[in-house]
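Protein chains in written order, with full-length UniProt numbering: chain B, 1 to 342; chain R, 1 to 342.
I should point out that these hints are in silico values taken from the structure, not numbers from a laboratory.
This one's a predicted model, so the numbers in the text were calculated from it and none came from an experiment.
Just so it is clear, CB atoms sit at the ideal spot from N, CA and C, and this is done for glycine as well.
One or more of the hints may lead you astray.
Computed spacing ranges between beta-carbons, pair by pair [unchecked claim]:
id	chain 1	residue 1	chain 2	residue 2	range
1	B	Ala197	R	Pro130	48 to 56 Å
2	R	Arg227	B	Ile10	54 to 62 Å
3	B	Arg109	R	Arg115	43 to 51 Å
4	R	Ser13	B	Asp318	44 to 52 Å
5	B	Gly86	R	Pro130	43 to 51 Å
6	B	Arg238	R	Arg128	33 to 41 Å
7	B	Glu87	R	Ala30	47 to 55 Å
8	B	Leu175	R	Ala288	53 to 61 Å
9	B	Ala237	R	Pro287	53 to 61 Å
10	R	Ala40	B	Ile10	35 to 43 Å
On the chain B side, residues computed to face chain R include the following (Cβ under 8 Å) [said to hold, decoys possible]:
id	residue
11	His217
12	Phe220
13	Phe226
Below, in silico cross-link-like pairs of lysine-lysine (DSSO-like), each with a Cα-Cα straight-line distance of 27 Å or less [as the list claims (entries may be wrong)]:
id	chain 1	residue 1	chain 2	residue 2
14	R	Lys260	R	Lys338
15	B	Lys139	R	Lys338
16	R	Lys213	R	Lys338
17	B	Lys260	R	Lys260
18	B	Lys2	R	Lys2
19	B	Lys338	B	Lys200
There are 2 protein chains.
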Amino acid sequence: MKLRDFAREIGLSPTTVSRALSGYPEVNEATRTRVMEEAARLGYRPNINAVRLATGRAGAIGVVMTKASDYQFSEFMSGMAERLSGEDIDILITPMTEHDTSDELQLYRRLAESRRVDAVVIHSPRPRDPRIALLHQLKLPFIVHGRSEIDVPHAWLDIDNEGAVRQSTEHLLDLGHRRIALLNGREGLTFTLHRLAGYKAALAQHGIDFDPKLVTHGDFTDEIGFRFACSALDERARATAFVAGSMMTALGVYRAARSKNLVIGQDISVIAHDDVFPYLTAENMVPALSTTRSSIRAAGTRIADLVLEMLTGREPSDIRELWPIELMLRETSCPVPKEKAE
Amino acid sequence: MKLRDFAREIGLSPTTVSRALSGYPEVNEATRTRVMEEAARLGYRPNINAVRLATGRAGAIGVVMTKASDYQFSEFMSGMAERLSGEDIDILITPMTEHDTSDELQLYRRLAESRRVDAVVIHSPRPRDPRIALLHQLKLPFIVHGRSEIDVPHAWLDIDNEGAVRQSTEHLLDLGHRRIALLNGREGLTFTLHRLAGYKAALAQHGIDFDPKLVTHGDFTDEIGFRFACSALDERARATAFVAGSMMTALGVYRAARSKNLVIGQDISVIAHDDVFPYLTAENMVPALSTTRSSIRAAGTRIADLVLEMLTGREPSDIRELWPIELMLRETSCPVPKEKAE
């Protein structure tokens, strides 16, 4: 049965039927209920193209995939997919391999022109992110995963990166650690700046001077974790604790400790940020890893949810979700060894 | 400048211009060169929609994302993105969270109807995969990442999973191991069956009986690696070697060995399959992990390449690429300890 026939059968316009079935706010609840009951009774299954033609919707949410997209990206996408499955909404990935900002803006411009997406998700924002200004100007709905400081009203969802690292650092300071190394994200990104701010705030509260040599920036790989931990453990005034940006960097720190015959949870402490991957769990590491924990998959699911809300009329500037983060203490956060205490 | 104006300016039809700029074989080289030179000279930048309208192309390759999609999926997608960036071709991800085959077929049917993709990539095929028969019937171009045994002509790219596991197992047998455990993929998938066949072939050649207790199936997580390795190491006739399906399962085996105070590379051996993730490298593990190595990112890049070739006229049934796999011996494959040799 075609949309037109079904609409005629129940005495409504095809547009009203499409909107009712797509959950648009222009159609009142009573009409929507009736349309859905009639669709079930008559066995009408909407044709996606007909609905899209009638509603003017593309039926896809856009994501630009950069070269830096990694295992976190995949978890986030799985979370989005979980929410979008059954909604007749796809995810359109636009590939971009170079880190050229002007190219990326051009991609967003063409995505908006092409009308192939109803909204986009922006990842890894910077404090003054030109993508936000551009999308606002193009009137393409969008949500930022992370935060910016730009003076343009927009929807965002972020975890409290500053609070997470402040908590980890404070806890290690309370345990007597004074040489705490921070394995931070890529420079220039807002979340990296927030984590650094949390680290500095904790140090300041304990009257400890900030030592830039104890901080490194980069992608979250075990290689970077290993190299930086090795060098931090080789210093004369060596680090006694590490705040690791991810599970992968924590693996690198574990490896570095083993290569120097140091026992984690005794000689050195580690607290990592855990995005909750199904294939690598903090509880299972030996020793069990203390973490600040927040599921990036859940963030993906919630972002998809918020996009759907925006598409049915919720004001983007009303959408600001900051997720608090809990510190999960396990076996790798312990008092500083006596001989190294100040 | 619009397509129509540009075409008029250089005295060609809009369709010819679009095809020339999209690299279609219908346009000869001389014309293509001329169109591109004129476009550069006149500063014409094609509008993606106009080109698509003229060529009838959707400008996207479809991928159905299941709940089982994981860190390997993200690497594969990055590889595809690398090839597609700059080609004006996107990747359309259709979410499917349930493992219901009939639902999945329905998704492909609607993807074909909607004309939103020019081709699709099928992942994790089974020996008689109904998706292949369906897409062939729907005449939607597709390529299979992996292999099926279905009697329908189709394009595929796969790595030699059987050869990889046969090599690993043979090498361990040559080192004197007789109790070799296999951490295999999910049951029913072709690659899982191929790996099992390689394992059995190696055992048969050495006249060793197959013991189903030494084989487990499941997703490639450190948890499954840990649990299975623990139980295989607890057996009276315990395993002395492991063929691990991925880097993550290998991490689980490392952990299990440490928890039982066994030294990998002395007390037990491990050879894993390595998809070459940028964030976790076999060379860097302690001890350095012996692997069968094949970049899943490179497979993604090559699949994107092959899709582009199909779209410009290459016969799908001509596309059959089987990538051989090399065994990289490092520190975790060693002779069976004396007291445990038979």
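Q) Hint by hint, which ones does the structure fall short of? A) 3, 5, 6, 8, 9, 10, 11, 15 and 18
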